[in-house]
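Number of protein chains: 4
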Amino acid sequence: MKAAIIGATGYGGAELIRLIQHHPYLELGTLVSTSQTGPVARVYPHLSHIDRSFEGLHVDELCANNDLIFLATPPGVSSEWTPLLAERGKIVIDLSGDFRLDRPEVYQAWYGKQPAPANWLRRAVYGLSEWFGEEVKEAQIISNPGCYPTATLLALLPLLQAKAIDPSTIIIDAKSGVSGAGRGLKQAMLFGEVNENLRPYKVDGHQHIPEIERFASFVAGQEIRVNFVPHLVPMNRGILVTIYAKRMNNYSIDDLSEIYQNHYQKASFIRLRQQEWPETKQVQGSNYCDIAWHIDERTHQVIVLSAIDNLMKGAAGQAIQNANLRLGWPEESGLTFSPLFP
Amino acid sequence: MKAAIIGATGYGGAELIRLIQHHPYLELGTLVSTSQTGPVARVYPHLSHIDRSFEGLHVDELCANNDLIFLATPPGVSSEWTPLLAERGKIVIDLSGDFRLDRPEVYQAWYGKQPAPANWLRRAVYGLSEWFGEEVKEAQIISNPGCYPTATLLALLPLLQAKAIDPSTIIIDAKSGVSGAGRGLKQAMLFGEVNENLRPYKVDGHQHIPEIERFASFVAGQEIRVNFVPHLVPMNRGILVTIYAKRMNNYSIDDLSEIYQNHYQKASFIRLRQQEWPETKQVQGSNYCDIAWHIDERTHQVIVLSAIDNLMKGAAGQAIQNANLRLGWPEESGLTFSPLFP
Amino acid sequence: MKAAIIGATGYGGAELIRLIQHHPYLELGTLVSTSQTGPVARVYPHLSHIDRSFEGLHVDELCANNDLIFLATPPGVSSEWTPLLAERGKIVIDLSGDFRLDRPEVYQAWYGKQPAPANWLRRAVYGLSEWFGEEVKEAQIISNPGCYPTATLLALLPLLQAKAIDPSTIIIDAKSGVSGAGRGLKQAMLFGEVNENLRPYKVDGHQHIPEIERFASFVAGQEIRVNFVPHLVPMNRGILVTIYAKRMNNYSIDDLSEIYQNHYQKASFIRLRQQEWPETKQVQGSNYCDIAWHIDERTHQVIVLSAIDNLMKGAAGQAIQNANLRLGWPEESGLTFSPLFP
Amino acid sequence: MKAAIIGATGYGGAELIRLIQHHPYLELGTLVSTSQTGPVARVYPHLSHIDRSFEGLHVDELCANNDLIFLATPPGVSSEWTPLLAERGKIVIDLSGDFRLDRPEVYQAWYGKQPAPANWLRRAVYGLSEWFGEEVKEAQIISNPGCYPTATLLALLPLLQAKAIDPSTIIIDAKSGVSGAGRGLKQAMLFGEVNENLRPYKVDGHQHIPEIERFASFVAGQEIRVNFVPHLVPMNRGILVTIYAKRMNNYSIDDLSEIYQNHYQKASFIRLRQQEWPETKQVQGSNYCDIAWHIDERTHQVIVLSAIDNLMKGAAGQAIQNANLRLGWPEESGLTFSPLFP
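Protein chains in written order, with full-length UniProt numbering: chain B, 1 to 342; chain U, 1 to 342; chain R, 1 to 342; chain L, 1 to 342.
Fair warning: there could be bad hints in the mix.
These stretches of chain L come out as covered by chain R in the derived footprint (C-beta under 8 Å, 3 or more residues) [unchecked claim]:
(1) 184 to 197
(2) 201 to 212
(3) 247 to 254
(4) 280 to 288
(5) 301 to 309
In case anyone wonders, no lab produced these hints; they're calculated from the structure. No residue lacks a Cβ here, since even glycine has one placed at the ideal position from N, Cα and C.
This is chain B alone, in the form it adopts within the complex (with noise of 0.2 Å):
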């Protein structure tokens, strides 16, 4: 099956090229691009291997030529595109969080874009993976998640589904490698001013808030707040978030390893770690989600700690795992491969 890539020479573009060439059963297709066209090995010298070139969008012919069509693209983009590609039969699956929040108001608050139709809004199935993989199954528009919500949702949903945490206290305090913004030009991200640097920023308020409010509320039955704070940290992949919540029905630790290896026992991708605290370095170029637990007794706080790679489970690799999903292949195929280390 041919894939095409639509925003292919960001940074999420060029790991679904390495992952797709890799693929047992994809093959890459069309790779789009508006803002650079041309030699793939000319935008990207680590790819020069590759004999392929980077091309404008072309509706007809990319529906002609693909089967399936990711889209990395920046936000205000897929809103637009998605409808188009998904009327004409293609199955899409939108890395951007145009198709994340079910309520165009909601969206255009947060990310000061146009949102896409509502009803096209509801149409999309959020593809985290191990939890709504069986509506995935079955979606036309998949709506991959951010990497920031599938860091902290894998680590949260568990907990708010079992009543293990108070729902009114969590607060999610969150680390990024540079990656996740992107190789767009800005001062604040040369290598100058990020390096021997940490940097807190969007402290009041990151696009990523209503998107994990929209599932914690939905899994906990009840509408939620969470207070989230990014950090920018000099490394270029990675993403750690340190979740704490009050601890609700008296749970011990060991409910709470009961609750999660339950919930995890057939996810290939999680890994719940019980003598050691995740490290980034340690999910690094896989798509693992590397989660453990700790509970406070002086404070009756549970602490949560998960990391991802935010370009793999945060990003591409999760992205290629939906398509599995979707497209009936087992659910690791192209995955298998170790973190990189060091």
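Starting from the structure of chain B, add chains U, R and L where the hints point.
This is chains U, R and L only, laid out in the frame that chain B set:
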């Protein structure tokens, strides 16, 4: 005045050497190391222009030749030596944790070492200059605050004192560069293991917790328990703490600004940030503590950010500031340089 | 076929585990470590999805249960064990330096260890696959090249063979990430000492010099002495060598291009760069060697640049490539993934 | 005395602000920027304790209010402004390359910009203080050396003058942190592209080559051509050059030591290393240049290593040193602090 350093071969000791060397009123006295003796240039080639040597500890000689003594020693050393030196009338500034807790059993529980005698613990003054400067001026033993407690308490105490936050809801998510961990040999501190990695550690209890709780409780006038999770960031210097607590008494953002401004209007090394968030690089190599605050009106959560250089305001810089206070010199003496950037 | 790894707990061993795990024809056999035994997940949490253990060395058992044996051991170990294993008919691929020099006295002079017996040294084939692939196909002992020699010889040998450079003028300025130095505990390898630092080392003689000289001399048909200065770069993976030599016979830049193209037209892992200079990130995590060349017409100097991932083409990747050749599989088996970027 | 800075918003300008601020005899004058005006704290939050603003350029006012003028401008700016300022009798210290080459056509060929008039070029004195300090004391226009030429010439000139190396064999392999490239927006300078990467650049010609050749030729008394290849290292500050040249006249290592010692015995900022190799971290944030040398007796090659902080001895530090010389103050004024470590 001559200042000796005991434990001069660690990162904190090297920073003290650098600062004393350029201090207008202090002069480098005896440099004591029990692990490495010989020329400074051999242990620290970056100081090869300093024609001095590290020596073993000889208490009589030390006291005869020095006016002021800094201890930058591992836990469990100062508890033994500080009384000896103080008994001979020396002013002691202890950068270790040995005199920061007033109750011996708490020290023993968190540090796992033999505590100093209780009567000596009581004589030590906690050298958080912006809060206890008056006591510092008269102290014989100054217990220099820990790096995490410095960044945390400077941000937290004004709000606790003003009853702007609920003391039972405090969460401190802390991030530090590697120099806080010292120069000891551990596999986990090798470049290959730290670089491109973000690592939480001591999630189940860090020895700085009782220090934070002691002084937070004191200022709040009630017993306080905090949550504190430290993380290791791939950089050499810098601490950023992100503090979360529930707003009380309906304080507004302007109220918080007023609290901080009132409190720190005469504090030379506190820079209150109104328009951007603190970053560790902006204080690198300097004695500044940058603080900013935010109220999330959706959740009524107060978020405070505080950045220091852990070897400066978090260790050697604050120690010099305390020496200045104690000896009646201008507080800024030898500390007026700007951060190194980039 | 089952492949054992002796010395499996170092960085090179971990990389072999990663590669064998996803190899189409190889299977992970015994994992031997003399320093650490027990579950893989304890030594390498990033491999916690692998349910295997490190064991001590038991030669009989090892030979009974494995077809192929990789040694990723420190100098002076393989010289003793390889003959034992080869005598029992096993194919041995040695990643250490013990079988790279054919003259015992040269090994002893540069490594300061007891050399392997001369008759065994003679039986080893030097596994620089692009140059000695035919010999590798028949070898019982394959001596896998060093990381610096791999990057250097692949760039240098075509020019030497074509007599395009003066063999008496060769200067190799080499730069490496830290993983080449292994996981051993040394103060100089702490993050705080390597980060924000560039460090030359072994300026007065590195043990890879005689290896480079041996094969450069062999191809040039004359005795060659080179200058070689290695530098440690604050990054985890990657080697770049910058080679300088006087142009001979008035070769033009096009002549050099032709020489390289002719030589490497069938080499899957050599990427000749015509328009940009090689960078280590462009080969990160892959088995590629990127090579570019330049003639400074002002000085008649030829400059060649060559980049590899030291753990891949410079160690484990090349070892797998040699295993593929030796066992008659396609040379690229298990090595076709693209570099990780960024 | 008041010192103005033109081009104050770049990294070099910020370093000058830091240094002047703590200089015993200099005072911060007008801060000129043509790209950004407004409060210093907005452009450089790390300087938020400085209550000053960046202003546009008004020549009359500038000359009226300042005694000394530093230019830290991009190529092609100083060539126009320096004559205007010098005509009004101001002492000008130019950190750009505009006055480093005495022949206009050479400047034009390497910089691709309109050169300054030949008569003005002739009036400028090259501010390599350790070599041309006497001329600096009388100069009206001081052309501050480039970062690479500073590290290179300080290491090279003593050997050339002593005829210890063959001038036709000089190879300079140079490595630099990113701050030398300035704060401009380029994709290649993003953190994601520089981190975990080593990148050669301008292999076919860097504009510092004619500057090195000019002064090397002058001291050697013969026309010299050098090879020079720069590399970008993932760190903020620091330059290391590794220089190779054939030994002449059978000089021994002791002879070289004597040459260097004789030459630099009174040079405050040159640290000759006898037992270890220079590393960039050992000079970080300071005005030192560390130099070490080696003879490879196998190849008769002399290898010299030289490390500086490119923003200090390679730019702003050396500019202050030149100002000190010019104004008759002790050469070390305002520059006596030790390197920041780690």
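Now for the hints, and whether the structure bears them out:
1. 184 to 197: holds (count 5)
2. 201 to 212: holds (count 3)
3. 247 to 254: violated (count 0)
4. 280 to 288: This one holds; 3 residues, not fewer than the three required, reach chain R with a Cβ under 8 Å.
5. 301 to 309: With 4 residues close enough to chain R, the hint holds.
Hint 3 from the list above is the single one not met by this structure.
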